[in-house]
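In case you want the letters, here they are:
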Amino acid sequence: MHSSSPTPQFSAATTFEGREATVSLRGGVDDVAALELATIINAAIDRKPASLVLDLAEVVFIGDAGPVVISNAESRLGGVGVALMIRSPSALVAHHLGRAEKTPLAQTSPGNEHLGPEQLGMVDVVSQRFGSRLSAQDLRRVAGLPTDPDVVDGALNLVVDLALASIGDADGVSVSLRRHGVLSTVAASDRTIMEMDADQYATGEGPCVDASVKGHWFHAESLDTETRWPAFTPRARALGIKAILSSPLRAFDQPVGALNIYSRTASSFEVKDQQAAATFADKASVILGDAQIDVSDGQMALRFQEALRNREVLSLAKGIIMERAGTDEKGAFKSLLRLSLHQGTTLRDRAEAIVRSVDRPERGPEAGAA
Amino acid sequence: MIDPAMEARHVLDSYRQEAGLSHGELWLRYFQLGGMSTGFELEAYLSGALVPSPYDRDVIAHALNERFAELGVHHPVSYLAQFGGEDVTSGPR
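Residue numbers (the numbering used here), protein chains in the order written: chain A, 1 to 370; chain B, 1001 to 1093.
Think of the hints as simulated: they come from the structure by calculation, not from any bench. Warning: the hint list may mix true and false statements.
Stated by the list, open to error - Reference excerpt, derived from the structure (chain B facing chain A, CB under 8 Å, subset only):
#1 1020
#2 1022
#3 1031
#4 1034
#5 1050
#6 1055
#7 1062
#8 1083
Every residue, glycine too, gets a C-beta built ideally from N, C-alpha and C.
Just chain A, same shape as in the assembly (with noise of 0.2 Å):
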């Protein structure tokens, strides 16, 4: 199998001899090579070969992310007790690797003669890369998610001043957000506006606080007939607005906060203002997003886990594609997006056929076809 990397310098091919596999390597290894080197050598490394030797002959430059690739690829093989050797590197190479020509860390241990889907449970390649124990902070940075408030709150008020200009009878814009579990008020037009939303949080009720935990959009068409906040409402009226419409700001599907757009006129707030407040909302959103704002270390340690549970599917299902048609993981990955695209289902529930299929192989092999 071959494989080639985005810089047409740097090529790789893994061939096997019996359970010996042979990863060469071509050109410079910049730190986008090196990825595609992690891939292709823990794509190896899920076919159970009893050695693997690494082929730097022909390898001119490695960068600062080569060697992190290979001491990774040392440890899982030594975890399972395969050697590792790393074949004529160059001196320049082997200088940049601290080491010249590597001995093997290990004897082979017995392995399992038949693949079958516990087999093909590949190692997680996650804990090679990005370390076996994240926190929720940790995944923040590895996800390279910017998490200053401030920077945050500049763009939000952007947002409001945009909604205020071109919203026709808006009075007044603000942004409530839910911050450690507790609604405020992060981006304001003016002090009355700022007063508007604190009322809804102290009564707890209000269109803002409706839209922000309920997540879908609330229209408070005119205060003087409106029945839903009793206790909100007239302090509205007392300072002078007559319409309100909050649409939701959301993060990682869950609803945290409301964009709020206030009017002295009843009726002002037409379908086209909805649309451009619903527009606005989607912006906000997408910078909270980007954010992270108060999605909590919990939730996004839930996300986390779901995706990496979906990549363990994925992972499993390409082993099991591997295995049958003799492909690599790229190859694997290809099948899997095809059936997906042709049979108009999710990678992910295509992938869980398959190993499904596994269990039940009077279904027939799904993924043969290559």
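Chain A is fixed; fit chain B onto it per the hints.
Same frame as chain A, now just chain B:
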């Protein structure tokens, strides 16, 4: 076949914005489809600062397309992978 290096910068990021996905959410989706790059790297791919491998490029494309499918839009992002002459992107739906 599209050369990922030649792909106009920001094209993928425009799709991301159109799909209403934050960088973090797209990264999670990419990650659960088997992507191996960090969020920083993914952002670099989207902004054109780094060129994704063809494989990464297709994982990102599919993460976006699955989101578009949820929104009822049929796979607007094309793939680099050739599927044996059969145009699966316009398959039965």
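Now for the hints, and whether the structure bears them out:
1. 1020: Because about 6 Å separates residue 1020 of chain B from the closest Cβ in chain A, which is inside the 8 Å limit, the hint holds.
2. 1022: Hint on residue 1022 of chain B: holds, closest Cβ of chain A at ~3 Å, below 8 Å.
3. 1031: Result: holds, 6 Å to nearest chain A Cβ.
4. 1034: 5 Å, holds
5. 1050: 6 Å, holds
6. 1055: 5 Å, holds
7. 1062: Interface hint status for residue 1062 of chain B: holds (6 Å vs cutoff 8 Å).
8. 1083: 5 Å, holds
In summary, this structure violates none of the numbered hints.
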